[in-house]
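Student: Quick note, the sequences are listed as chains Z and H, same order.
Position 323 of the first sequence, counting from 1, maps to 323 under UniProt numbering, and the rest follow consecutively.
Position 95 of the second sequence, counting from 1, maps to 95 under UniProt numbering, and the rest follow consecutively.
Calculated directly from the structure, the hints in this document are not laboratory data.
No false leads were mixed into what you were given.
Listed below are the simulated EDC-like cross-link pairs for lysine to aspartate or glutamate, each with C-alpha atoms no more than 20 Å apart in a straight line:
id, chain 1, residue 1, chain 2, residue 2
1, H, 171, Z, 262
2, Z, 254, H, 180
3, H, 171, Z, 205
4, Z, 254, H, 197
5, Z, 87, H, 274
6, Z, 295, Z, 170
7, Z, 129, Z, 46
8, Z, 345, Z, 363
9, Z, 408, Z, 261
10, Z, 122, H, 72
11, Z, 87, Z, 205
12, Z, 336, Z, 68
13, Z, 78, Z, 46
14, Z, 272, H, 180
15, Z, 228, H, 72
16, H, 171, Z, 261
17, Z, 345, Z, 68
18, Z, 225, H, 72
19, Z, 408, H, 197
20, Z, 69, Z, 58
21, H, 171, Z, 89
22, H, 171, Z, 86
23, Z, 150, H, 72
24, Z, 150, Z, 40
Each chain is listed here by its residues.
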Amino acid sequence: MRHSRKFASLAAASVLAMTLAACSGGGSSGGSSSGGLSGDAGANLDGRGPITYVQGKDNSNVVRPLVDKWNAAHPTEKVTFKEQSDKADQQHDDLVQNFQAKNANYDVVDVDVVWTAEFAAKGWLQPLKDKMAFDTTGFLPATVATATYKNTLYAAPQTSDGGLLYYRKDLVPTPPKTWDEMMSMCSIAKAKGIDCYAGQFAQYEGLTVNAAEAINTAGGVIVDKDGKPAVNTPEAKAGLSNLVNAFKDGNIPKQAITYQEEQGRQSFESGKLLFLRNWPYVYNLAKTDGSSVVKDTFGIAPLPGKTGPGASSLGGHNIAMSVYSKHKATAMDFMKFMTSQETEKFYATQGSLAPVLSALYTDKDLVAKLPYLPVLLTSIQNAVPRPVSPFYPAVTQAVQVNAYAALKGDKSVDQALTDMQAALTAAGSQ
Amino acid sequence: MSMQAEPLTRRGKKGTGAGPENKEVGQDRKQKTQGRAAALLIIPSMIVLGIVIVYPVIEAIVMSLQKDAGLDPVTGTFVAGGFAGFYNYIHWILQQCNTPNGQASCPAGTLGSQFWSATGTTFLLTVVSVALETVIGFWMAIIMSRTFRGRGALRAAVLVPWAIPTAVTAKLWFFIFAFDGIANTLFHTSILWTGSEVPARSAIIIADVWKTTPFMALLILAGLQMIPDQVYEAAKVDGATAWQRFRLITLPLVKPALMVAILFRTLDALRMYDLPAIMTGGANGTTTLSILVVNQIRVGFNSAAALSTITFLIIFIVAFIFVRFLGANAVESATNSGKAK
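Take the sequences, apply the hints, and build the full model.
Tutor: This is the structure in structure tokens:
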């Protein structure tokens, strides 16, 4: 009896809650002026209530404490954390399936920088304008660019990542500022019997990152400001040729054609590599790994460029709101909370995730903990996002396949860029 | 289901219990009710089969006739593509892509340009790895069928590679074939296993053979054990050599089981995905049809549906050839072995 009464009251409460939710949902969509936003994007703008935050596996346990903190402060607008797998492809496919089903329970989602344009073009992300405007003052401009599609902001930058040049300060006292300078230092490596430079050149996403960096650094672009492919230019040719020639000269060792992030890191940590282009995660590992012989003898610098720092590609994630969310006002508050200075600082110290707010890169506590931050700031300030395209999977295929053929010498640089341009054009006109 | 079946059986019993003068009528009714009972009992499994097999196949074909969502150049949002006829099929088979200048052959670096090379790669990997697996598997099966101490332990040990999940196998071989990996260290070579076509394909074949030969060996072993010892004894008495016994007794008698084993492995190898996807990511001529389908899914579902339908047809034709012309019949050999017992 006791049980059943308890159950009955619980059921009554939940029915009441559902009715209330339905009322508030209906009320806001009918009543409020959408102010330039139409369809699903104009609905439920004032909706408040419990929401769900969807993100990939929380490996360093940063999201849960933040969600707990939010829930303690907002008892009527609790956030449920839905954890996806730790594989990027699976996270992407999970989001696609739930958006296609117009799932109202995926209120706030974490999206990789390269998916933002695709989801925006599919109409799944709430445009952050008019009534839903999001203030990006203090954010690093390059990170905001990754969240912008057709001049509209669709997400808020949450974490960032940029390339760094790791070098052996015992062999090279001052790091090279330009690519040519770095190539001229390769004689030092040769004299020591070690390899000179490596990045990520196996045929996978890492090659897109490295090829884009080479092309952008030389002043070329892959797609122009309007999203049109424009890679068949003398500048792009100069950029890709830098990599191709370095392979030919042996300045990039021939085995680097099979390198992803980890192989390059291992080679550098075992003292067999003079220069390495990699992400900030290598810093702590190279300092602490038992097998690292370069613990005290490596330094970091911005990527070498044409005259000054090179143009890094950007990693990282953005946080966005689903157009199908019933509680968009709560979702907006939660997004602001997740990108606040305090949260960003927690992300950096707890999860070693690079902040998107420029102020934090000079924060004394943070720099003491993550000494690479000032160099990373230079990297991100000069960064160029990977092509913001709704066809990103096709774009990265076009870049990877043709750049790889050029690096292996199967194709001339000219031919590779002609094919890349054609493949990018075909990708955009499906 | 049991609740449905019970009243029917009772009714059936009543039928048999009828008087002798009604015998024929009763039998007739019995047959009828039995037929109805059978139909009722089959329906649930038919419905399940319809949901899990027929519906997805039809849905895939319907999808494959739709155009993928295209981009509205002004708003930058996707708009539904509408009916496409056989455009998606033509796109793959003739490798024709949409370009600003109309239809043209797909440029290098698009998925559309990879269909025939992926088909070729799939068949090459299948033929070579299944051939190796058959020969080595046969050899392993013959050893395992002998009686000796520790046979049970050997059989268990042989099965280990097969019991490891393919993704784990692939990651293990990925490390083995890395430039600083075990393979190069052991043989004092500096081969870039994943850096060019021939080594990359060889690496995948080696991994596949290592992983699935035990499966082959087990199926062949089952066939070998069906052969009665007396046949061999009689042949020995007649003075047949070991080679003659193998060629004239073992081979023909094991053939049904062998053909089924080859059929299973071929169909399995034709949809190879995990090994190349993890070991090479499809680079250097190792993109199989399944990898191409998965890559296409990320760009457009409808075109991917057309590609999976094509893949389905290819595998279906191969299976048909096996069953029709090479005499591999899984069902028949299963019934035969049942009879032999």
